[in-house]
Each structure stands twice: as C-alpha cells, then as structure tokens.
Amino acid sequence: MKLSGWGRYPRVDCARAVMRDAEGARATVLGQESLIARGNGRSYGDASLNARCTLSTLRSDRLLAFDPASGRVTCEAGLLLSELLAFSVPRGWFAPVTPGTRFVTIGGMVAADVHGKNHHLAGTFGNHVESLLLLTADGAVRRCARDENADLLRATIGGMGLTGVILEVTFCLIPVETGAIRQETLRAGSFDEIMALCEESEGWTYTVAWIDCLARGKRLGRSLLYRGEHATRAEAPDATLAPPGRKLRNVPVDFPRIALNPWSMRAFNALYYGRGRPGTALVDYVTYFYPLDAVGEWNRIYGRGGFTQYQCVIPKAASRAGITAVLEKVSAAGMGSFLAVLKLFGAEGEGLLSFPTEGYTLTLDFPVDTATLNLLLELDAIVADHGGRLYLAKDSRTGARMMRRGYPRLDEFLALRERYDPHRRFESLQSQRLDL
Amino acid sequence: MSDPTAPAPAVSPPPPAPAASPGPVSSGPVSSGPVPSGPASAAAAATVPATLPAEATNAVLILGAASDIGAAIARAHAAEGRPLILLARQPARLEREAADLRLRHGVAVQLLPLDVLDLAAHAPLLDSLPVLPATVISVVGLLGEQPRSAADPAEAERVMRTNYLAPALFLGEVANRMEARGSGTIIGISSVAGDRGRASNYVYGSAKAGFTAFLSGLRNRLAGKGVHVVTVKPGFVDTQMTAGMNLPKPLTAQPEEVAKAVLAAEARGRDVIYVRPVWRVIMSIIRGIPEPVFKRRNL
Ligand SMILES: Cc1cc2nc3c(=O)[nH]c(=O)nc-3n(C[C@H](O)[C@H](O)[C@H](O)COP(=O)(O)OP(=O)(O)OC[C@H]3O[C@@H](n4cnc5c(N)ncnc54)[C@H](O)[C@@H]3O)c2cc1C
Ligand SMILES: NC(=O)c1ccc[n+]([C@@H]2O[C@H](COP(=O)([O-])OP(=O)(O)OC[C@H]3O[C@@H](n4cnc5c(N)ncnc54)[C@H](OP(=O)(O)O)[C@@H]3O)[C@@H](O)[C@H]2O)c1
Numbered sequence: 001m002k003l004s005g006w007g008r009y010p011r012v013d014c015a016r017a018v019m020r021d022a023e024g025a026r027a028t029v030l031g032q033e034s035l036i037a038r039g040n041g042r043s044y045g046d047a048s049l050n051a052r053c054t055l056s057t058l059r060s061d062r063l064l065a066f067d068p069a070s071g072r073v074t075c076e077a078g079l080l081l082s083e084l085l086a087f088s089v090p091r092g093w094f095a096p097v098t099p100g101t102r103f104v105t106i107g108g109m110v111a112a113d114v115h116g117k118n119h120h121l122a123g124t125f126g127n128h129v130e131s132l133l134l135l136t137a138d139g140a141v142r143r144c145a146r147d148e149n150a151d152l153l154r155a156t157i158g159g160m161g162l163t164g165v166i167l168e169v170t171f172c173l174i175p176v177e178t179g180a181i182r183q184e185t186l187r188a189g190s191f192d193e194i195m196a197l198c199e200e201s202e203g204w205t206y207t208v209a210w211i212d213c214l215a216r217g218k219r220l221g222r223s224l225l226y227r228g229e230h231a232t233r234a235e236a237p238d239a240t241l242a243p244p245g246r247k248l249r250n251v252p253v254d255f256p257r258i259a260l261n262p263w264s265m266r267a268f269n270a271l272y273y274g275r276g277r278p279g280t281a282l283v284d285y286v287t288y289f290y291p292l293d294a295v296g297e298w299n300r301i302y303g304r305g306g307f308t309q310y311q312c313v314i315p316k317a318a319s320r321a322g323i324t325a326v327l328e329k330v331s332a333a334g335m336g337s338f339l340a341v342l343k344l345f346g347a348e349g350e351g352l353l354s355f356p357t358e359g360y361t362l363t364l365d366f367p368v369d370t371a372t373l374n375l376l377l378e379l380d381a382i383v384a385d386h387g388g389r390l391y392l393a394k395d396s397r398t399g400a401r402m403m404r405r406g407y408p409r410l411d412e413f414l415a416l417r418e419r420y421d422p423h424r425r426f427e428s429l430q431s432q433r434l435d436l
Numbered sequence: 001m002s003d004p005t006a007p008a009p010a011v012s013p014p015p016p017a018p019a020a021s022p023g024p025v026s027s028g029p030v031s032s033g034p035v036p037s038g039p040a041s042a043a044a045a046a047t048v049p050a051t052l053p054a055e056a057t058n059a060v061l062i063l064g065a066a067s068d069i070g071a072a073i074a075r076a077h078a079a080e081g082r083p084l085i086l087l088a089r090q091p092a093r094l095e096r097e098a099a100d101l102r103l104r105h106g107v108a109v110q111l112l113p114l115d116v117l118d119l120a121a122h123a124p125l126l127d128s129l130p131v132l133p134a135t136v137i138s139v140v141g142l143l144g145e146q147p148r149s150a151a152d153p154a155e156a157e158r159v160m161r162t163n164y165l166a167p168a169l170f171l172g173e174v175a176n177r178m179e180a181r182g183s184g185t186i187i188g189i190s191s192v193a194g195d196r197g198r199a200s201n202y203v204y205g206s207a208k209a210g211f212t213a214f215l216s217g218l219r220n221r222l223a224g225k226g227v228h229v230v231t232v233k234p235g236f237v238d239t240q241m242t243a244g245m246n247l248p249k250p251l252t253a254q255p256e257e258v259a260k261a262v263l264a265a266e267a268r269g270r271d272v273i274y275v276r277p278v279w280r281v282i283m284s285i286i287r288g289i290p291e292p293v294f295k296r297r298n299l
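Top line first, the protein sequences correspond to chains Y and R.
For the first sequence, full-length UniProt numbering begins at 1 and goes up steadily by one.
For the second sequence, full-length UniProt numbering begins at 1 and goes up steadily by one.
Note that these hints are calculated values from the structure, not bench results.
Where a beta carbon is used, it is the ideal one built from N, C-alpha and C, also for glycine.
Some clues are possibly wrong.
Residues from chain R shown here face chain Y by an in silico Cβ test under 10 Å; the list is partial [what the hints assert, rightly or not]:
| id | residue |
| --- | --- |
| 1 | 243 |
| 2 | 244 |
| 3 | 249 |
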C-alpha cells in the first residue's frame, strides 16, 4: 500500500505488516531482511517507510499499568498520545513532554525523542523514559533503562527505529490541577527583541514564538511569543479536567498549488501577526498545544506534491547569525512559509541522535518542488556552517554529509548499530539516504 | 446507553496499581531473553475482578474476541461502562487487552476458553456464567482459502462449520435463554459474501449465507419476545483476515468503524446493517445481475 509521512512526500508503495503482540512482531522481524517500525506516520518525511516491510504498531496500543500516586505509566508503543491524554487528564495527569500534535504514538515519541514547548526546563521525551522493552534484530527482547542496556537506551532514544522495535515504554506523567493553560502573548518587532523575550521567559514552563518569515529588513524577525503555564484550580475555577469535545474537520480535497502563492502567504502572515493580541488568556490544553489538530488532514493544503518541514537548531552562540541568515535567504527567495516557529532549547539530552541542543530552533514549511529543494540545500550550508543540525523526524531530503556534520555522536551510534544489528535489518528510506 | 432496561453499570472498583504495589511495570526481567510468551507486564493491572459479578445485568459476551473486529467491539462497549465476557480459543492471548480494558474503563472483564467447534461445550459454558449477558455477539469466522476448500472436503467442512453451524448453534442456545428471560440482544457478524455465491469464495460465502438466514429466522421468531437480533455485513475490513490483500480503500472499513456501527445498530434496534453504506448499493447491484451474465463474470 502507498504510504508517506505527514508531508506526503515521498509516497512509496510499502508492504505492510501489523504488530499485534510481541510474538507476532518477533516473527516479522526474524522473517524479514529489511524492515522499519511505523507509528502514526506523523514524522514528515521518509523515516517510517520501508518498501520491503513497514511494521505498523497501531494495533499494539494497550495501556498496561498506571499508578495514580506517582503518575507512572506503562503502555505498548502503539498507544496514541491522544488516547493517553483522554485517560490521564481527567485523572489530573499530563504528558511530561508533548509535540505539536497529539496524534503520535508513544513509540514514535521515543524514537524521534520529541521535544515540546517546555524543552528548556523538561528536556526531551526520552529524558522521562524510565525503561522500555526493545525487540532487537536477533529476536530478543531487551529491557533498556539507565541501569540495564544503558547504551542501547541512548541509541534508541532518538534512534528513529534503527535499533529495533520498541514494544513497551514506562515513564512518568506530570500532575496538573486543570486541563487549562494560562497563556500570555507578547509581540516582538525584531529578531533581537524576540531573542531577548525568549531568554527572559525561561522561567515559564512553555514558550514558543511564531515568526513572520516574510518580513524583511528592519522588521526581520517580527514575531509573537506565546508563553504558558498549567492553570491552577484557583486561576481557572471553571476549567474542568474533562477533554474539550470538538469534532475534527477534514480538509476535503487536495488544494491546488495556486492557492499557496507568495501573496496568499504574505497576507496570511500579516493577518496572523495582526491578530495576535498581546495579553493573557485561559485556553484548554487542546487549543494551546494542538491548534493544528483541529483540522484533520491539514497536510492536504499543500496539494498533491506534498511538502516538507525544515527544522534546524543552531547552537546558542551562533544562533543570532545563523537564524537571521536562514530567514534572509528564505525571504529573499520569496518563499514564505505558513508556519515559522522559533524556540530556545535547553541543554542536550542523552540520545545519541537526539535533535535538540542548546540554542535556537527554527521550523519552516515548504511545498516540495525544485525551487524548494534548491533553497533547502543552501539553507543546509548555512546551518552546517553555524554548527547546527536538522531534525530527522522532519527530514525527507538532506544528505549523509549534512547528517555527519551535525551529529558528532553519530559514530558511537553506528558502532552500537553494528553490534546489535550487523545485517541492518532495521532500515528506512531515510536511513539508507543518510547512511545510518 | 445501549440497553435502557439495564441498571446503572455495575462499576467495579477503580483501576488498581495502588501506591504500595512494587511498581506496576514488568514482572520478571526480560533482558536479552527470548520474547516473553504471555508478554511481560500484563499481570500488573489485573486486580479489577477477573470474573463478573452476578448483578452485572448489562454484560456483553463476545465470541471471537481476539479478532481485530472483536477487540474493537469490546473496547467500544467497555467505553460505555459495560462489563465483558470475552471468549477465545486461547484466552491467555487476551490478557493484555483485558488489562487495558479494566484500566481505562474500570469495567470487569472475564476471559473464558471456547472452541466454538466443540458443540457440546456451548450449553455448559452458558450455564456456568455468573449472569446471562444482556448482549451476545458472535464474531467468529474463517475465510480459509477457496482453492483449498474446493479441493479438500475436510477443509471446506471446517470453513462451513466455523462460519455457520457452530456460531448458529451457539446463538441458538443463547436465544432460548434470552427468550425465557424475555430480553436481550443477539448480534451476528456475517458477511456480504453471503449475499451471492461467487467463484472466489463460495464455500465461505455459502456458510455466511446460511448464517444470515439463520439470524433472519431467529429475529423473526423472537420479535415481540423482547429479544432483538442484528445481522452485520461489514464489507471489506482491514484485519488479520484480509492481511496482504489489496483492498480498495473507499470500500474498506477499519475495525473501529465496524464496532461503532454495531453499537449504533444495537442502540437503535436496527435489523440488518452494512457498515459502509456503499456496500448496500454494491450488493443490490450484484444480486440483481442475471445468473447467465453473472456466471461469465469473474467476480
Ligand atoms: C503537526 C505536527 C506537529 C509536530 N510537532 C512536533 C514538535 O513540536 N516537537 C517534535 O519533537 N516533533 C513534532 N512533530 C513530529 C512528531 O512528533 C514525530 O515525528 C513523531 O515521531 C511522530 O510519531 P509517530 O507515532 O507518528 O511516528 P512515525 O512518524 O510513524 O515514526 C517516526 C519514527 O519513529 C520510529 N518508530 C515509531 N514507532 C516505533 C516503535 N514502536 N519502535 C521503534 N521505532 C518506532 C519510526 O521508525 C520512525 O523512524 C510534529 C508533527 C506534526 C505532524
Ligand atoms: N475482514 C473482513 O474483511 C471481513 C469482512 C466481512 C466479514 N468478516 C467477518 O468478521 C469476523 C471477524 O473477522 P476478522 O476479519 O476480525 O478476522 P479474524 O481475525 O480471522 O477473526 C476470526 C475470529 O474467529 C475466531 N475463530 C475461528 N475459529 C474459531 C473456533 N473454532 N473457535 C472459536 N473461535 C474461532 C478466531 O478466534 P481465535 O482468536 O480463537 O483464533 C477469531 O477471533 C468474521 O466472522 C469474518 O467472517 C470479516
């Protein structure tokens, strides 16, 4: 069947297998020369694609244990974050780290070592994993924790499925008093202003900025900063823990490419900036964390050709120069992006291929075409020259050299991979492209 | 709620894993060993009662609960707070699913073994239950491989028995008990394959046709006796049974859709349902094709 990541590029005919339990997964792993696990396909590119065998984990989604005293959860890797939150939020527990969509699996969150708006305080999701069960290439199930197979844990967190199939994950949720977020919105007129705001907001649990990536010259970097805290019962006496009931609306058809042109993007960006009212508001957690989830299949607005998300991080010392250079290049190319997000990461975590490292991360969306691919090659050069790296969960097009330049612990990862999977049973289109 | 006559759901004590428990995770280390056979940590959540209390009058029994469709139907009912009795040939394989259901929904879940082909076991099993369930659903089925069924009578017999004889007799036993009680819902998962015999799967299809006719007769008999019978014709469903087949996406339902349709049919007292409405149209066209034309088509 035809599969793709969230960007719908590339789309590839993949033989699909379905994991229902550990024995079944083991039979698949031992019976295949080449395969990759796939969660909910919310990575943008080709990380969860293997034409010969793509093993879906979605039918292994049982919640196995929950301790209401400590918030410790054990679940199968295919459990969706949305399902977990539907269970835990009414009981007063929230995910320690969440990406910008709740339609991801817990296994996918470990494999990509996802980050959220609280990275500067909480680190990545992998940081909160106490232990996991990993099915490796030899058919064995290994418990990986900080005191057992610690090296394998470091390679699996952020390892994009290349160390094996994650079967179960144990981690702790964080307590919340309400399902609401107290959000504060601030405006910044320039890049320096937004950097200053990000830095002085480091005491806030959640911070993220949206940048008008079509603004040029003096306005370059004009943006809105959103910072938030879980609202206490006193702050939001009316907020319940019940999940807000809302129906998903789907984008009904693929948008024609013409709908997205420099003018419509400019208009969108200007409007968005104008609409962002500085001030404080109480919003439910779904609206706050997952605004895009309200429109199902929104990836179709980029049309049939698909799109790609470009997410880089540049070490703090070089962030200002690097991010401005990237934004200037994008702006000069007249290739605005609907989404341009800026966030200041905290310290690097333990995952060998984990993406976040201390510095600013910038995220941009582009429709896939030759002009984009050429522009992104130029951006790669800027990012690498500033000591930065790209996020594998978003990538569908970069090269092995860029990978090597950005990830200094790559050799350590490859040595472990050689030890646990010498025949490279686990591989994706991405791992082949990047020589992983 | 699907059964308005039922009392408030017999909610069993809230999920377990008290603070004092030695840590709810993996029993037994699994480091570098072989795959845990009855996978590792299922034991953890198992303190919600493993049997049904006798006052659980809104219980749902599912025959074939280990199938993807059966599991989806179990989840949908648990989400409504209904206690479950799940039958499978190897109930141990359902332990994790049961743990999940107890934990997420706080309902009692009882697992029991049954090979439906063991006809003599039907009545004793039903009589041993703590309570006659409000709803009984048969999901059992066996597609088999048509060429094998055509060549090997023993294989054809197994397919016929599994899709027709055995589930029909089981539901017949259930029907008698429900009739005596004067209430209940019986749901049979049949198939569009029973709507017309086709070269590609007529052994399976003929058995499903028999099952459909049986359910129809049962419904007729029990109308006015407080017992409702639903026939479900799912169309293509993305399950273990159809793994590896190249099914057209618009005609293929997910197991969760089947479950939703089953619950809706139960609540609204529908008689015969197709899960995706397009199948009603397709099958009425297929049934309408004259035999002389039909036999020359390879359908
Ligand atoms: C709208 C949107 C917003 C997002 N926002 C963020 C964000 O804020 N922060 C962030 O970090 N990411 C973000 N992402 C990316 C997303 O969180 C990651 O790509 C995540 O990995 C997707 O999970 P998935 O279950 O869909 O995995 P998939 O996309 O199916 O797979 C991702 C990778 O994980 C591997 N994998 C999945 N399951 C297993 C398993 N059981 N065992 C071994 N390997 C496995 C796959 O092989 C693949 O390499 C966003 C994505 C979208 C669409
Ligand atoms: N998938 C489709 O496209 C489709 C379409 C129309 C109708 N259906 C029907 O939907 C139902 C469920 O099918 P599925 O697709 O989910 O496939 P499945 O996984 O193959 O389910 C078959 C179920 O039947 C049970 N079963 C078979 N023989 C049995 C026996 N002797 N005793 C007890 N249980 C037995 C199996 O139980 P064990 O776990 O014990 O093996 C399993 O739960 C079947 O009736 C099928 O005919 C399916």
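How the hints compare with the structure:
1. 243: Residue 243 of chain R check passes; min Cβ-Cβ to chain Y is 7 Å, inside 10 Å.
2. 244: Since the shortest Cβ distance to chain Y is 8 Å, the answer is holds.
3. 249: holds, 8 Å
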